[in-house]
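Please model the entire structure based on the sequences and the hints provided.
These protein sequences, in sequence, are chains P and G.
Okay, so the first sequence: first residue is -6 according to this note's numbering, each after it adds one.
Okay, so the second sequence: first residue is 264 according to this note's numbering, each after it adds one.
A few of these clues could be false.
[To be verified] According to the in silico footprint, chain G covers these stretches of chain P (three or more CB under 8 Å from chain G): (1) 422 to 428; (2) 431 to 437; (3) 519 to 533.
Derived by calculation from the structure, the hints in this document are not laboratory data.
We treat Cβ as the ideally placed atom computed from N, Cα and C, and that holds for glycine.
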Amino acid sequence: MYKLLLCWRYLRTRWIALASVVSVTLGVATMIVVNAVMAGFSHEMQTRIHGILSDIVFESHSLSGFQDPKWHMEEIKRAGGAAIAGMTPTVAVPAMLNFQVRGQWVTRQVMFIGIDESTHAHVSDFGGYLQHPENRKQLSFNLREGGYDTVDSQADSPGPTRPALEGAGWPYRRMRVERERLWRQRLESQQAPSAVNDEAPQNPQSQPARSVNTQVEAVLAAADAPADPATDAPASKQDPFRAVRPEEGRVMDPAQEQFTGIVPGIGLASFRDNTGVDRFLILPGDDVKVTFPTAGTPPKAVSDTFTVVDFYESKMSEYDSNFVFVPIQELQRMRGMIDPQTGIPSVNSIQIKLSPGTDLALMRDQLRKAFPAEMYLISSWRDKQGPLLMAVEMEMAVLNILLFLIIAVAGFGILAIFFMIVVEKTRDIGILKSLGASSSGVAGIFLGYGLFLGLLGAGAGLALGLAITWNINTIRAFVEWCTGQRVFDPSIYYFFKIPTIVNFYTISWIIAGAVGIAVGASVLPALRAARLHPVEALRHD
Amino acid sequence: MTRAAMNDDKQPARADREQAGRECDEHGNAAPIPLLSVRKLRKNYRSGGGLLEVLRGVDFDLDQSGFVAIVGQSGSGKSTLLHLMGLLDEPDSGEVYLSGTRIDNLPAHHRDRLRNTDIGMVFQSYHLLPELNALENVLAPLMVRYGVFEWMRRKTEARSRARTLLERFGLGARLHHKPRQLSGGEMQRVAIARALVSQPRVLLADEPTGNLDEASGAEILDTICELNREDGLSIVLVTHDSAIARRADRIVRLAAGHVEKV
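This is the structure in structure tokens:
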């Protein structure tokens, strides 16, 4: 009983010991925060990667792909059995994306991916990354009549708005076409007088732009409802963007029709300014040109015009600024991947989704056995991002070791302070022994004291760590407000908030480690106290 | 002789008891076994390179309800003798008996137990625990004795006993004062109350008045005499002051590590 009482009294009267508690507290809090943030990042990254990639990817080594995806899918189904929950074929080729921004042609190197719009969303989280609510339910490569999200649907709280997406879709396309028509008209009407004055075409460049806007608004106000094709018909004749579909052999009306729809990554079409608002270079409704190689040897470059119908935003900038999705049949047709005689198409890869609870590596190995490795490359999503995932895990392990050393340093602080307290309390130890306290009892006081300090420090650290973790975004905002520096730049990470995951298993290990170190550090002082000779202890001043 | 004593150390307790009984028989006394006795007690301290012989074979008896004063000059070994009797230290040779049972060679936890239950000690500089108040200091031996659960059960009883003791010594109003808020005399009375709370068989007092002014010292001495007279408590009092020693039934004078006069 005296042990408890004395532990408690020492704790209450020895403020110096509380100093060592503070170091334990800070160490534990830091570990909890760092682990939570790292786990949050890691989890976010893994879900992102896994959301983009299907469970298992079945690819050919060749850019031309393999023939007959249907047969392959049946074979995969036979090899995998019930574990195969879904499959979709894809064609992926490197390509160049070209689009015009204020008269300048912008070219981006992209991965052009042909997907099956009906099944692709079933094997990965693809559908969830689109910007139109209807497309999220079921992707359509037809341009929508407005209704794109102006608020990021994946952010938990209303993040920065995307006002540019307000009118995207058909209304934007019609306005754009109308504006171009009016601009062309104005330019042509000024062409005649400009024969006298050369500067005329350049001079009114900024002025008409404003007046054109007002004219466009007037036109749109008049025809806010679906545009009347009859009134637009003459205008389309002068449309500079008109393109001729070779197979149709007729002039298309860009205000009424669209080219083949594509879904580019949002990183290709926009950038985030430093207030966190997304600025768009192109919008759904704009037309872009894509150049890509045909199948066969040697590959030839072919180009076609496409209409942007939505944006893909996986929040992994690597993918968001690289992927462009297109209907697989169109891509197969344009690349010449459909056998003209039999009509059997070829594909590059088959994305496989496994039923929940299937062992990823086991199923991959099973499929690898069933198909020759010379022909097919079969890998799980983890294999695809293996080095990245490994690096993150390694980073976490090293950080944990380093941070644990902080607590170990706190342990040495406890050791030093306890030695001091034992020396200070030598006479009391003698008194206790003269009253019949055993050596183990005296050691127990200091071990218990260490345990108390450890628990107190770890408890306070837990509270502090959780408080910081749960409010980390508020703290970040505050730090940014104080320093005026961006601590966490959403344009780099593509999430608005610092993600955190509090893992109670990790926390219990941290707490156990901290308490263990505190108790461990008090072992030596406790032994010293236990070994004190009572007579000498009593004589001690 | 040292070797013989060392051999004795190894003998089982039963033989010790027989031996103690025999010794009494040899004296031819029909009187009961002395409460506390030491035989041929030797104690050396190593200081620097040399060996300091503090006790060189001390024999000494304390009868039941006896009051013995041990006097001697500084360094005569009287405190060492008291520590050996109180089991705070181990003799180099010789034996200590409590009611005829040899106690100096018991295992450590037995000696701890005896110190806690059968021996009460009072020191010159009080030796109260500064973190505890007067009442808690008095309760300390009982807290040492009981585990948490037993303490919970006996708390009320223990507290009332401690309170009664403190009230008896005139400290009823100072129960919750810390040692530093008490005067020397009061601290020593708390220390005496602490020594008595476990109802020991013998009280060992090491210069209990040494740090006190005359009046307080006299009060403490009166208290100790009263405990001996009225409660029949056996007391060993160590002092260098022969005036104080005269209050005892018997005086033992230590000089050069020997008992000079009984």
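Checklist entry - For the region 519 to 533 of chain P, does the count of residues with a C-beta closer than 8 Å to a C-beta of chain G reach 3? => result holds (count 4)
Checklist entry - Within the region 431 to 437 of chain P, is the number of residues with a Cβ closer than 8 Å to a Cβ of chain G three or more? => result Since 3 is at least three, the answer is holds.
Next on the checklist: Verify this for me: three or more residues of the region 422 to 428 of chain P with a beta carbon less than 8 Å from a beta carbon of chain G.
Outcome noted: holds (count 6)
The earlier numbered hints are all upheld by this structure, with none contradicted.
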